[in-house]
Amino acid sequence: MRLRVNGSEMNVDATTLAALLLELSHEEGAVATARNGAFVRRKDRAQTQLREGDEIEILTPRQGG
Amino acid sequence: MSVAKPDDALRVYGVDLASRLMVGTSMYNSPAILADAVRASGCEIVTVSLRREAGGTRAGQSFWDLVKSLNVRVLPNTAGCRSVQEAVTTAHMAREIFETDWVKLEVIGDDDTLQPDVFGLVEAARILAGEGFRVFPYTTEDLIVGQKLIEAGCEVLMPWGAPIGSGRGLNNPYGLKSMRAHFPGVPLVVDAGLGAPSQAAAAMEMGYDAILLNTAIAKAGDAVAMAHAFKLATQAGREAFLADPMSPRDMAAPSTPVLGRAFT
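So the sequence lines, in the order shown, correspond to chains A and B. Its first residue numbered 1, the first sequence is counted upward by one per residue in our numbering. Its first residue numbered 1001, the second sequence is counted upward by one per residue in our numbering.
Simulated from the structure, these hints should not be mistaken for laboratory data. C-beta atoms are modelled at their ideal positions from N, C-alpha and C, and glycine is treated no differently. Be aware that a few hints might be false.
Unchecked claim - In silico lysine to aspartate or glutamate, DMTMM-like type, Cα no more than 20 Å apart, as pairs: (1) B:K1177 - B:E1155; (2) A:K43 - A:E27; (3) A:K43 - B:E1155; (4) A:K43 - B:D1101.
As the list claims (entries may be wrong) - Cβ-Cβ distance ranges computed for the label pairs, FRET-style: (5) B:G1175 - A:E9: 45 to 53 Å; (6) B:E1205 - A:M10: 53 to 61 Å; (7) B:G1167 - A:E28: 35 to 43 Å; (8) B:A1196 - A:Q47: 50 to 58 Å; (9) A:G7 - B:G1130: 29 to 37 Å.
Unchecked claim - Footprint (simulated), chain A over chain B, 3 or more residues, beta carbon under 8 Å: (10) 1072 to 1080; (11) 1122 to 1134; (12) 1249 to 1261.
Modelling step: build the complete structure from the supplied sequences, incorporating the hints.
The structure is reproduced here in structure tokens:
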């Protein structure tokens, strides 16, 4: 399936958001996620089905002002 | 003696803060310098953000571990967000990962000045406050915008001193004084644009409740020493405000007694 993850187009095998994090080697606890502009809670990732063309954001803590 | 006493705490969203300086965590030359600067500043709140990261790297987790080791409260920002939707979603993501309902709300309206889109800011503030967030809005000194933010549920306002990262200080002292007078009971924080400790002191002397800055410390030749200098300046400005400064006058007034002067 073709997705846009953090601004980059990519083909993935995952069909859920939780599986996508695993496939991309993200640590579950260290990231926050959004699908098509809407926040997806950690506890909802396993039930969040991905669809062709979805835009996924995977964010982590970073320095800020 | 009416100087800043230990009980001169700043209460924001029910939390008492002894330090009136809040510090950003970005642009330091190393994590160790960041940690030392935060300690030297004496701050109790640091700002943080969320950004994209490639899987398999641990930069985000490492940074978060470092911040947690500093034993300070975190204030996640929505820096770089250009729409209400982006800011609201970022706030939701930050609440989960940083485990706080505090958010420094930025809705940026222009890339050159990084000034707030105050219309989007008010809308985002209303949404987030309604969802239980404790919103710290990065705003301008506009009084009506400030009023709308308070009506939206904000209990603190954070007007800019000058554009973010510019180091220009207090661009509009009249506007900031006017804001202080207009909102006497609202915690007001000068956020952004300061370059030197004297500017922090000047804001505090006006009666501002706290200072938030990042670049002026991080980009100083000695960030740790500058962090301490800002701590002292913020304290000095606060004590000066409480001490009720004299009013300026146009003509000289001798400080040495005139009575008893010789050769008269």
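Checked hints:
1. For a cut-off of 20 Å, the pair hint linking B:K1177 to B:E1155 stands: about 19 Å separates their Cα positions.
2. Taking the CA atoms of A:K43 and A:E27, the gap is near 14 Å; set against the 20 Å cutoff, the hint holds.
3. At roughly 31 Å between alpha-carbon atoms, A:K43 and B:E1155 are farther apart than 20 Å, so this suggested pair is violated.
4. Between the alpha carbons of A:K43 and B:D1101 the distance comes to roughly 18 Å, so the proposed pair stays at or under 20 Å and holds.
5. A hinted range of 45 to 53 Å holds for the C-beta pair B:G1175 and A:E9, which are about 46 Å apart.
6. Separated by about 54 Å at the C-beta atoms, B:E1205 and A:M10 satisfy the suggested range of 53 to 61 Å.
7. Between B:G1167 and A:E28 the C-beta distance comes to about 40 Å, which sits within the given range of 35 to 43 Å.
8. Distance hint check: the CB atoms of B:A1196 and A:Q47 are about 52 Å apart, consistent with the given range 50 to 58 Å.
9. For the pair A:G7 and B:G1130, the supplied restraint of 29 to 37 Å holds, since their beta-carbon distance comes to about 30 Å.
10. Evaluation of the coverage hint for the segment 1072 to 1080 of chain B: fulfilled, as 3 residues show C-beta separations to chain A shorter than 8 Å, against a requirement of three.
11. Proximity of the segment 1122 to 1134 of chain B to chain A, defined as three or more residues with a beta carbon under 8 Å from a beta carbon of that chain, is not established by the 0 residues found.
12. Coverage of a stretch by a chain is defined here by at least three residues with a beta carbon nearer than 8 Å to that chain's beta carbons; for the segment 1249 to 1261 of chain B and chain A the count is 0, and the condition is violated.
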